[in-house]
Every structure is written in C-alpha cells, then in structure tokens.
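Protein chains in written order, with the working numbering: chain A, 1 to 312; chain B, 1001 to 1242.
The reader is advised that the hints may include incorrect statements.
[Unchecked claim] Pairs of lysine to any residue residues, derived as SDA-like cross-links and limited to a Cα-Cα distance of at most 25 Å, are as follows:
#	chain 1	residue 1	chain 2	residue 2
1	A	K128	B	A1103
2	A	K213	B	A1152
3	A	K128	A	A269
[Said to hold, decoys possible] On the chain B side, residues computed to face chain A include the following (Cβ under 8 Å):
#	residue
4	M1001
5	D1069
6	V1089
7	L1091
8	A1096
9	K1098
10	H1111
11	S1119
12	M1127
13	A1128
14	G1134
15	Y1140
16	E1150
Everything labelled a hint here was simulated from the structure, so no lab data went into it.
Because the structure is a prediction, the values reported are computed rather than measured.
Ideal placement from N, C-alpha and C gives every residue a C-beta, glycine not left out.
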Amino acid sequence: MDVVGPERVAVVMGTSTSGAAEAEYAIAHDLRTGALAPEFDCVQLEHGGLTQFLAACTGARGPAYTLSTACSSAAKALASARALLALDLCDAVVAGGADSLCGLTANGFHALQAIADEPSNPFSVNRKGLTLGEGAAAFLLTRDAGGIQLVGAGEASDAFHMSAPEPEGTGAETAMRAALEDAGVAPGELSYLNLHGTGTPLNDAMESRAVHKIFGGDIACSSTKPLVGHTLGASGAVELGFCWVMLTRWRDGLLPLLPHRWDGLADPALPSLRFVRVGEQLKVATRAFVMSNSFGFGGNNCALLLAAEPPC
Amino acid sequence: MLSVVVRRWAAWTPGLERLDDWERWCRVPTALGAEGAPALPFLPPLFRRRCSRLSRLMLHAAYAACEPDDVSALPAVFASRFGELGLTVSLLESLARKEPLTASGFTHSVHNTQIGLFSIAAKNRRMASALAAGAETFPYAVIEALASIERAGGGPALVVIGDEPLPAALEAFEGDGIAYALALVIARAGDGPRVRFAPAAAAEIPAEPRWPQALEFLRWLLSDEPSITLGASGRGFTWTRA
Chain A
1 MDVVGPERVA
11 VVMGTSTSGA
21 AEAEYAIAHD
31 LRTGALAPEF
41 DCVQLEHGGL
51 TQFLAACTGA
61 RGPAYTLSTA
71 CSSAAKALAS
81 ARALLALDLC
91 DAVVAGGADS
101 LCGLTANGFH
111 ALQAIADEPS
121 NPFSVNRKGL
131 TLGEGAAAFL
141 LTRDAGGIQL
151 VGAGEASDAF
161 HMSAPEPEGT
171 GAETAMRAAL
181 EDAGVAPGEL
191 SYLNLHGTGT
201 PLNDAMESRA
211 VHKIFGGDIA
221 CSSTKPLVGH
231 TLGASGAVEL
241 GFCWVMLTRW
251 RDGLLPLLPH
261 RWDGLADPAL
271 PSLRFVRVGE
281 QLKVATRAFV
291 MSNSFGFGGN
301 NCALLLAAEP
311 PC
Chain B
1001 MLSVVVRRWA
1011 AWTPGLERLD
1021 DWERWCRVPT
1031 ALGAEGAPAL
1041 PFLPPLFRRR
1051 CSRLSRLMLH
1061 AAYAACEPDD
1071 VSALPAVFAS
1081 RFGELGLTVS
1091 LLESLARKEP
1101 LTASGFTHSV
1111 HNTQIGLFSI
1121 AAKNRRMASA
1131 LAAGAETFPY
1141 AVIEALASIE
1151 RAGGGPALVV
1161 IGDEPLPAAL
1171 EAFEGDGIAY
1181 ALALVIARAG
1191 DGPRVRFAPA
1201 AAAEIPAEPR
1211 WPQALEFLRW
1221 LLSDEPSITL
1231 GASGRGFTWT
1241 RA
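Next comes chain B alone, as it looks inside the complex:
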C-alpha cells in the first residue's frame, strides 16, 4: 500500500481552466473538448512560439500547480501516453516523401520535449523524468514521482500528465480524444488530502472509464467517494482516501 499527500493541483482542458471550473465539472461532468491551448502569458513570446499544444498544456498545468518558488525547485516527472505523436507522424511523412527534417522539428518531437522546455523556462536544474506507460501512464507517473522523492532524499515532487487526440493518420487506434493536462504536487507528508493506493484485482477494474485516468482521479479527489478503482486490460489500482 502506497500513500501520498496531494499538496496542490491544477488542470487544463478547453473550457475548464480555473480551479472552480474543475470543481463544477467534478460535480457534474460534461463533455470535454479537443481544441484550443493555454496562452502561457508568463513566458517570453519567442519561447512560447516553440511550444506545441501539448507543451502548452503541460507547462500551463505545471506552473499553475506550483507555488512561485517551487517551479525551479522541485524534481519533476512529465508523463504522456502518446507524447508528440502528431509531430512525429508529420516527420515520418516528410521522410516518406524524401524531404529533409528540420533540426527544430526533430528536437521538439522527442518524449522529453515538455520536461526539457519546462526545465529551461523555470530554470529548474533538479532531476527530471519523462514517462510513458500506455493506458497506465497516470498511476506509474505517480509511482515515478515517489521514486524521484526517494532519489531526492525527501521533499515534494511535481508530476504532470498530459495528452491530446491522436493525429489523423492514427485515429483508428485507441486514444482519449481530448486535450488535457493535470499537474499534482505530491509528497510523502504535509498538508493536503492523503491518498493510499494499491494494485486492484482484475475483477474490480471497470471496463471503460469515461475520462482519462488522470481526470477520473481528479474527479474522485474532489468528490466524497471513499475510493475509486481505475485501470485497463485487467491491470489497475484502487485509490482510497486515508
């Protein structure tokens, strides 16, 4: 049984930007959008121009979840199931047409694009991980954040989960179909709700979660429900309020 304290959180999806938007959505969930991106007004224009939509989503949530001094100070885990698949597919299409790749396109297609941009923008020189784990990306991002806290010798860590709809060429495959990011500042102790989680038996795992696991988790965190089981393909975790 693992336990974490959620010190702070922030999330962004089109139309739901502030904490009270999310509190309202968590009471009465409505359809989520796929279009749009946060503006990142706190970053220089030249820097913003290099940020893809996924980068904007994840950097916005990261900054919104952190106290001002924390953006440069916390070890961070940025997690995405698909990462920059849209850009990657466009690079692969260029290759198929025998067109040269641009250095900038290649550099910003890697899975650690967002954590790299975040570390530069925030002048954060701590350890930083970029993670992917298929449909189980959310719980393993939290576990890697706990592993980062272990490596850092304690203190809080920032964990950001974000994804966007699959590019047109891959739309036949399973995806969430929405653009979102959730950022959590978690720690082993301190102020905030304490959450325990443990692997769930296959029979307890609901067949089709309605929202991405990260947003199901947020909806549960803001609710009065004592526990929630989230997972996919017979694997998952039960999250319980301590």
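Just chain A, with the same shape it has in the complex:
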C-alpha cells in the first residue's frame, strides 16, 4: 500500500456463500420475533460485501469486486486479477476467495444428493460424493519478475446443465487447453495437476476424461479436497495456495507433490490417471509448471497455471 499507493491496489475475491451463515441467523430471528437480528446488515449477505469488507480492512482504493461462479469463484477472481494488472488498472491486487460453512450450502448440496456420508474419496470406484469444507486464501499479485508466477488462465462454459457437468468434460478440457496456450506451455511440460476432484460420481468421471484427453495417463495429479474438504467458492484459491506452498518446497531438483488421499481403488469405468502417493517427489530440474482446476456448477470452468524457477 505504501509502495504503490492505495488507489493502485485492487481487490478481487470469489465467494459462493458470502455471509449466508449470518443471514440464516437473522432470518430465523425474524421468524421467531418479527424482527431481523439487530446486528444483521444486508451487505453481509450481498456477494459484493466480502470484497468491500476486504478493501475497507486493507485500505485498498483501486477496483474492488466479487466474482461468484459457484466453485470456480476464487479461480476466476485470480484470472480477473491478472487481467487487471495487464490492463494497467492497478499495480497490485489482493485476490482469492472465502466461503464459510452454513446451513444453506449443507442443505443445498444434500438436496442435490452430492454429499458423501464418509470423507470424500475422489476418483475411487467407491466414491459417494463430496465433503464440505470452509476456508479462505488470498494472494498478492504484482507485475514483479521472479518468484512464483501466475502464467496462465483458461476459462470456458459447459452450456449444458445448471447442476451437472457435461459428461465428456468438454468445458473442462477447453479451460485447461486455454490455460496451457495462455502460458505457452505444452501438456508434456506440466509437472503436476491439482484436480477439482470433488468425489462426486459426475465430476470425477468428466474430469478423468478431460484430463486424459490432454495429458494421457502419466501426469502426476491429485485432489486435495480429501485433506480439507470442498471449500466451494474459496477452493480455487485454497488449492492454488497448496500448489504455491508445494513449489516453495522444491529442493535439490526434487519437487514434493501433494498427495491424493483415497482408498486406492480406481474406477475401472474411467480413463486411468496417475494419482500422487503420500511422500512422492518428482525430479524437476528446469522450470516447474503446475495447474489447478476449478469447475463450478452452472458449467463454469477455470484452470490456472503457476510457474516457478529452480530454487538457488
């Protein structure tokens, strides 16, 4: 803020719930007493409220808006933040996402029959659905050289269904290919792919097909959702954060990979993928590229690509 000035700092955040938990309490209070809970303000429920709050907290006075495209919200916020820098609308962006657990999403995903009765088990023949999580992650993006770079973003729509992904994964495939093209990276150059991997039958089926079409079965990949749950509108930033941490642990030509925690029983109906084992490290000598997938319902797909130089 001191270096570039508050007018040149933007805030772009993703959320799917915003303050639905506070609104739940306020509305229940209204039904019980005839008045909303007195501490409630509508801005807590507005999706824009998250970003207004963060801008006020940080003192940033540049562009400030929320993107809310269900589970791709935070990934889209990062793609948009990168474009704001390219357009010279700011010199720094606070970008990421936040979602909190609330009755609305728990009951909503239950109604969609998407929630497993045990921890999620992505890509397994036994997968039964997702496990909800909550969380937040934010990045500071600048045009500075060096460090870990966001070098590619790809976005596409399924144009298929409001709550089910297109079965062949065409929109997911388009987003991943667009991110690779944006970064000028060939599929074979990618070291690791962080899957959306919700553990629902439909997501994992279509994502397997889309990933296999681009990368074949050899790319090291994992879903980190069994570790922290599906953080919905925050997941794009939380999972890119895991990728960022992973890249900071790259030492002596060895990149430690994020593990895929599951029962190890692949679904024979799906194209086979190479899931990262616990403790696995990959030999990476030159530039490292990793990708993170986020697919929101309503058919909203986003893939982000990070690059890092070898550590000194």
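Got chain A sorted already, so can you dock chain B onto it with the hints?
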C-alpha cells in the same frame, strides 16, 4: 483513463421495452416500475418456466443487445448487486422452519444462475463471469468485461446488469426499488459511441443518484451531456464522451 466503444445496447424495465421507449424516457425520465417481467418468447416453454424474474430480465436484455450470431459467441459478464436475494431469503426461511430445500431451489439461488441459464440457452461456451460490487456493481461490471476482453485476446464482450426490489424481509435496507436490466455489447474498438471513464474525486460524486447507475449511464449515453459522474459513498467514476 479507460475507454470502451458501446457497440449495441438493450434494456428492460416494466413499461420500457423497446429502444424508442428508452429514448423517450431518457429525454423525459418518469417513475420506473417494480412489477412484471419479459416473456422470453424465443426460449422453449420448459426452459422459461425455470427462469425467475431476474433471469427473465437479464436474458431478455442479453438477447436483445446481441446480433443473432453473438449470443453464442461473446464472452459474458452478468452482474447484479443483490442477485437472487428473494429466492435466497425464502430458502433461509425454509431452513428456519426445518423444512428441506429443493435441489432446484438451491441450484437457482446462486449468483451465477443467470449466466448459467444464458450459457445453456444460447449454447455459449465462452468464459462467463458473475459479479457483484455493492452500489458500484455497474462500473466494475464494465471493468470485468474489459478484463474478459483482455483474457479473450480481443473482440467484443457482453455485459448485463440487472436487479430487482429487495424481498420484504430485507426492505429496510438500501435498494433501487425497481426491476431492470441493461445489456451492453462493448469492445475496445469498432462502431458506436466511444466512452472514456476514470475514477472521480469524492467531492464530484452526487449524493443521491435518482436511478440505478446502469440506467443513469444509459440516460447520459443517449443525451448530449459531455460527461456524467456516478458513484456512491465517496467512490465513483466520471464518464466522458470521446
């Protein structure tokens, strides 16, 4: 200083549906309504039935602003300050009464409901954003459309802004009190009026705009006034004809 060309536009609010209705309103603004919704005759009946009023408003404006080939071809930004707050509040009331939610109710309460329905109806597989930014939703929707053009490597983008009155449970809070949608097809170049905009000093921002910013912008675009400053809470932009 940013600049955009407004290639095409369309808007809908109860009683003002065609371009000449809006041109008349922009010369002599009159009170705007809160009731009613466009019929969307170009969509299948089963699909229309799933469209809330906000969805009808925004899809109508989107289709009306686009050339026929553009509906499936343009990257799109759909923006709303409040989105489906009416449906969201009814779901929260169901929760408070310990009633189960329906899958369809939950699915259609999310902020990207309208962009999802639009992409399906129009078979549009391009990038699509759903945005909210409080009282500043209009200018940031235009900025996100410029950011979408940047990500798409050029060409035009569709931006649709729509809102409706707050539900009864939330009527104590600030809202526009009307139902409307404005759609713009914008680009960095091409035919149409070129508009520049830049952040305004707090002192220049009028206290209480009479209409939602999107409609103030449209009224100005169709007028001869050289510039207009729109904003809220000491933040805003000055829009100037290039």
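So, going through the hints one by one against the coordinates:
no., hint, result
1, K128(A) to A1103(B), "17 Å, holds"
2, K213(A) to A1152(B), "23 Å, holds"
3, K128(A) to A269(A), "15 Å, holds"
4, M1001, "11 Å, violated"
5, D1069, "15 Å, violated"
6, V1089, "6 Å, holds"
7, L1091, "6 Å, holds"
8, A1096, "4 Å, holds"
9, K1098, "10 Å, violated"
10, H1111, "4 Å, holds"
11, S1119, "4 Å, holds"
12, M1127, "3 Å, holds"
13, A1128, "5 Å, holds"
14, G1134, "4 Å, holds"
15, Y1140, "4 Å, holds"
16, E1150, "4 Å, holds"
Checked against the numbered hints above, the structure violates hints 4, 5, 9; every other hint is satisfied.
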